[in-house]
Each structure stands twice: as structure tokens, then as C-alpha cells.
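Asker: One letter stands for each residue in the lines below.
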Amino acid sequence: MLNGFGLSASLLLFQSTSLLSLGWVDSLVIVLYFLFVLGIGYYLLRFTKTGEDFFLAGRRMSSWVAGLSFVAANLGSLELMGWAAASYQYGILATHWYWIGAIPAMLFLALVMMPFYYISKTHSVPGYLKLRYGESASMLSAVSFAFMTVLMSGINMFAMALVMKVILGWSIDFSIWVSSITVMVYVVLGGLLSAIFNEVLQFMLIWLGALVIPVLGLIEAGGWSGMVARIHANFPAGNFTHLWSTLGSFNDNPMGIHWTGIVFGLGFIISFGYWTTDFLVVQRLLSAKDLRSAKMAPVIGAGFKMMVPFIVILPGLLGLAVMPGLLPQQQAIATGGHSYNEVLPLMLARYAGPGLLGLGVTALIAGFMSGMAGNVTAFSTVWTYDIYRPAHLRLTKKEQPDQYYVKMGRWATIVGVIISIGTAYLVQQFASIMDYVQALFSFFIAPLFGTVILGMLWKRATGPGGFWGLLAGTVSSIGMYVWVKLDPGALGIIALSKYAKPMADDMYRALWCWLVTVIVTIVVSYLTTPRPEAELNGLVRGCTVLPSEGDLPLVKRPIFWAGIVFAVLLALNIIFW
Amino acid sequence: MVDNKGISIWFFIGTLLLLYGIIITGANIYEAYNPSFGRPTVLENMHFGIWWGILLIIVGSIYFFGFRPWKHKNQNS
Numbered sequence: 001m002l003n004g005f006g007l008s009a010s011l012l013l014f015q016s017t018s019l020l021s022l023g024w025v026d027s028l029v030i031v032l033y034f035l036f037v038l039g040i041g042y043y044l045l046r047f048t049k050t051g052e053d054f055f056l057a058g059r060r061m062s063s064w065v066a067g068l069s070f071v072a073a074n075l076g077s078l079e080l081m082g083w084a085a086a087s088y089q090y091g092i093l094a095t096h097w098y099w100i101g102a103i104p105a106m107l108f109l110a111l112v113m114m115p116f117y118y119i120s121k122t123h124s125v126p127g128y129l130k131l132r133y134g135e136s137a138s139m140l141s142a143v144s145f146a147f148m149t150v151l152m153s154g155i156n157m158f159a160m161a162l163v164m165k166v167i168l169g170w171s172i173d174f175s176i177w178v179s180s181i182t183v184m185v186y187v188v189l190g191g192l193l194s195a196i197f198n199e200v201l202q203f204m205l206i207w208l209g210a211l212v213i214p215v216l217g218l219i220e221a222g223g224w225s226g227m228v229a230r231i232h233a234n235f236p237a238g239n240f241t242h243l244w245s246t247l248g249s250f251n252d253n254p255m256g257i258h259w260t261g262i263v264f265g266l267g268f269i270i271s272f273g274y275w276t277t278d279f280l281v282v283q284r285l286l287s288a289k290d291l292r293s294a295k296m297a298p299v300i301g302a303g304f305k306m307m308v309p310f311i312v313i314l315p316g317l318l319g320l321a322v323m324p325g326l327l328p329q330q331q332a333i334a335t336g337g338h339s340y341n342e343v344l345p346l347m348l349a350r351y352a353g354p355g356l357l358g359l360g361v362t363a364l365i366a367g368f369m370s371g372m373a374g375n376v377t378a379f380s381t382v383w384t385y386d387i388y389r390p391a392h393l394r395l396t397k398k399e400q401p402d403q404y405y406v407k408m409g410r411w412a413t414i415v416g417v418i419i420s421i422g423t424a425y426l427v428q429q430f431a432s433i434m435d436y437v438q439a440l441f442s443f444f445i446a447p448l449f450g451t452v453i454l455g456m457l458w459k460r461a462t463g464p465g466g467f468w469g470l471l472a473g474t475v476s477s478i479g480m481y482v483w484v485k486l487d488p489g490a491l492g493i494i495a496l497s498k499y500a501k502p503m504a505d506d507m508y509r510a511l512w513c514w515l516v517t518v519i520v521t522i523v524v525s526y527l528t529t530p531r532p533e534a535e536l537n538g539l540v541r542g543c544t545v546l547p548s549e550g551d552l553p554l555v556k557r558p559i560f561w562a563g564i565v566f567a568v569l570l571a572l573n574i575i576f577w
Numbered sequence: 578m579v580d581n582k583g584i585s586i587w588f589f590i591g592t593l594l595l596l597y598g599i600i601i602t603g604a605n606i607y608e609a610y611n612p613s614f615g616r617p618t619v620l621e622n623m624h625f626g627i628w629w630g631i632l633l634i635i636v637g638s639i640y641f642f643g644f645r646p647w648k649h650k651n652q653n654s
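Those protein sequences? They're chains F and Z, same order as listed. Note that this note's numbering numbers the first sequence so that position 302 is 302, with each residue one more than the last. Plus 577 on top of the position in the second sequence (first one is 1) and you've got this note's numbering.
None of these hints come from the bench; they were simulated from the model. Please note that the accuracy of each hint is not assured.
[What the hints assert, rightly or not] To list a few chain Z residues with every Cβ distance to chain F over 12 Å, as calculated:
1. F589
2. T602
3. R616
4. Y640
5. K648
[To be verified] Pair ranges (Cβ atoms, derived):
6. F/E533 to Z/S638: 40 to 46 Å
7. F/G336 to Z/P612: 25 to 31 Å
8. F/I219 to Z/P646: 45 to 51 Å
9. Z/P646 to F/K398: 38 to 44 Å
10. F/P553 to Z/A609: 45 to 51 Å
[Unchecked claim] From chain Z, some residues computed to sit far from chain F (all C-beta separations above 10 Å):
11. F625
12. W629
13. I639
14. F641
15. F642
16. R645
Beta carbons: idealized from backbone N, C-alpha and C, even for Gly.
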């Protein structure tokens, strides 16, 4: 999900002339993109009047728009470059982060969790926690989310600027200010509506800009079989083209991971935590015009997510076939060669002629901006509704009019961008912050999933149970992280094997802290008094009458399309076993 | 999506893709006759930029004309 940080941290060490140079046609393509996104923001200002318009895009998005925006908010430029680099390093194993590490969670969100998010009419995930567990759990989740979101946004911003410096030679200040001010202007003007409009546009540009590489790469390599043959010829000792057959042992694959870690750690906890409780992506679905659209949107998103390896993983594999010899970052610096972290821009430079290069760079910029807009809109909503509003109510005992919160949302957007810019410059001075913030973010995701899922599916869960479970899970995750930092040998205990590599750490840590959350929530809930069932209507399965879809034709039912997406997922995993 | 009030997102997308298609096709046709215009690339003899530009024009045109805002105005009037 978030793989850009190792990439950007290592790029910090890289001193080279830029990889690409843009012609005037490429520059024109990029300038047009910026003019369009700003124009869209300005146009949408007239539609953004109420709080529901600004924070939830008026709840009138179609399933397609909400679904594409849901996927686009996750498709950052670092994601594109980071996973292309990972596939050059680890081969097709990186695809797990797009298939088992995303699709089941997205379908589960659509069919099981979305009805409760939608019917409860919450503005946010912490807002759901407030309705279900009360203010303590909500505030814990809101403060951690808001804090992490702006930090992540700043880190992404700096990393993107660094990538642009390495690829194009652009100054870091120029990239940071131009891209962040553009995002700030269009989000302040049109709120979530503007962010979603631009995310759909950005999604199309990412595909049309990045697709050039796999199409031409496959032609050059002689199709899929030609590519596999070349990879085997270039790396006779490596196994880069099998998804599952090398996961029987930590030692048999370059990631140093076991299938249990992929299935339970990544496929269950990490991906379910991210895709079902990270408000950055869930917010897009809350903008859907009705419950059926809100359920269809993640299914549509899952269909597109399943295809993303075609523009992200395949370029890395094609790099192994047609550009063998890319090096780990440190070796590349020592020898003056190219690193596999640069595989995507190198492939772009290899194939893209006038205008196409600009389109490819636009795809990277669009990826960054869609991710940043996601962070900023989620931050402004959580700040306004889940932190500021309850605090203000408690202090003044007076509710403010809707317009007041719209204004607050706009100011929160501006402040969020300024904090992000500040974080970007802070990271420039202290690069190690990147790794710590990424770790901090991971501390909250798995426990939050435990809290939300118990809240939705188990009516006996109580407010104190939710709060203490979330707190215990988060503290246990931090504890395990610190333990491994202080004693690297602890990784073998956490991951249940002395052969485990750092990649396995995140997965097993997520698994254990999720279990801690669930166990503590259950124990505390049994020790405390549950809420009456009548109060849980619209929040918990078993206490809520869900609208029937029986009157809809089969092709309009989300479960039908979810079944098809899941069948394709199974088929793809078997084909590339 | 703003279907019933204002311009559809798909119209914006169609417009931008159409403009990109025209620019990229034009630039790559020019490059085909003036090879010094662009950088050397692998498979440049395929003139892929021209084909990709045409694809963008087709996709852009579908969205541009399919979601043109004046269509609704004409229908309403």
C-alpha cells in the first residue's frame, strides 16, 4: 500500500544529473494539466454551498465516480514508482499488494461494512466510532488520524519533489510549492467534490500516461512468454514470475516471507485495516448518492485495482527482461550506475517520444496530487467534525450553523497544506523522520480495523471495550516495533521464524496487535454494560434492518459483481501461481 | 455526477484527452518527418506516439461529445 518511503529515502542519497529532459510539447502537456485541475476547482465553487457539499460532495456521486476516486486516492506517484522498483527487486510477488492485499478487503467493505457507514450517515470513520462507542474512542482515532494524515501528506510531498528532482532536475522548492498550492486551491474552492472530480481525471491520466510502458515493453520483449524467457535468461538463479509457488518457506523467495504472512498478515489484517477503515479512501464512498452506489463503488474500484499491476508491476518485470543490471541504491551510487528505484522513469525514457513523455510525467504528478488531495480532504473533515466541533460544543455549549463549519473546513484545508509543507521541509533536514512516520501510521491501522469490525458485527461490544481495545492494540503495535528496533532478533519471535526478513515484520505485527485489540475489546465489553439494542439501529449487524436488493435485477446487485471480481481474482492467482 | 446540474466530469476528461490527443499526434507526425525533433527511443520506427495520440483523440471525442453540456440544453429547450 505504501511503498514510496524506502524509495524516497534512498533517493536522498542519490546525486546525479536528471534522468529525463522535457521538450516544449511535454511541458505543454503538463501545463495544460495544471490549468485543467485549477479550472475544475474554480468551476465547482458554485456547487459547494453546504457542509454536505464541502465534506461529502453533496452525497450525489455515481458508483463509477466514487469507485474511481476511491482507487485514485490511493494511487500516489510514489506508489507507482515504489512498486515498479519492488517488482524489479522481488518480481511478481509485489502483485500480492494489489490482489490478495486489496481485493478481498474492498469486496468485504462493499458487502459487509458499507451499509453501516452509509446508513449511519456519518461524516467520517471516527464519526462512526462516536456513534458506536462514544467520544473517547472517536477522539483517540480522530486525533491520531488527523495528525498522521498531514504528516504523511508532507512526507509524500517531499518524496514527490525528490522524485521530480531526480527525474527532471526540478528544484525541490518548485515542486513542493507548485503542486501543494494547486491542490490547496482546488480543494479550498470545491472541497471533496473538487477532489473527487480531479481524482477521476487523474485516474484516467495515470492509466493513459503509464500504459505506454507495458504496451511497448511487451512488444519489445516478445509478449509475456518472451518476457519470461528473457528474465530466466538474465537471472537463471532467480524466481521472479511465480506468485505463490515460492512462498512455502521464508528462504525460497527474495522477500523472505511465508505464505501465512501474505494471507493472514497482508491479506487479512493490513489490507482490511487500510481499505475498510482508512478514512482517506472511505470518505470517497460516503459521497455516493445512495446505498447501492456506495456498495457498488468499492466493487468497481476493486475491478480497476486488480488491473493496476499492469501499469505498476509489469514495467518492473519488463525492466528485468530488457534492462538487466539495475542495482540496489547504494551500489548504484558507488558505481555511478542506475538503481532499480529508477526503473519506471528509465522505462519511460526508453519508449516515450514527444508528448508521451509529458503525459507519463503528468501521470506521476497526477498520482501525487490525487493522494495529497485525499489526505487534505480527509484531514479537514476529521478536524472539523470529529475534533473541533465536539471540543467547541463542550466549551461553548452552543451549536454553530452549517456555514461556520464549511468555513472551518476551508481553513483546515489551508492549515493542513501549510503543515504538510512544513513537514516536507522538516523531512528534508531529518530524513529518518520518514521511516518513523510510516511506522506511526501503521500503528493505528490494524487496531482500528479490530475496533470497527467488532463494533459493526458484535452488538455486545461496549464503549469502554472499544476505547481500551483500540488503545491496547495501538500500544502493543508500538511496543513490538520498539522491541525489534532495540533487538533485531525479536523479529524472529514476532514473525515465528528466524529466517523472517523485515518485510515480514509489518505483517505479523499487524496480526498480533489486531488480536490484542479484539481480545481486550471482548474482555472489557463483558465487564461493562452494553447499550440497549434500540440505540444500535443503523450501526450494528443484527440490530439494523438492511434494505433488500431482492427487487433488483441480478446485474444491478453489488453481490453479483463482487462475485465476478472475486472469481477473476482467483483465476489470476491460479494462472500466475 | 453533477449529471443533473452543471457539467459532467466526463466532459472535462474528454476535453483534456482530446487536446492531448491532438498535441501528441501532431508532435509525433512532425517528428516522423523531422527525426531531430525528438530524442531517440526504442521502437521509434513504430511511431507509437501517433497511434497513442489517435487513441486519445478517439477516447476524448467519445467523452467530449457524449457528455457535452449543450446536449442537455438542447434537449431541455
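Asker: Could you work out which of the previously given hints the structure breaks and list their numbers from low to high?
Answerer: Checked against the structure, the hints that fail are numbers 1, 2, 3, 4, 6, 8, 11, 12, while the rest are satisfied.
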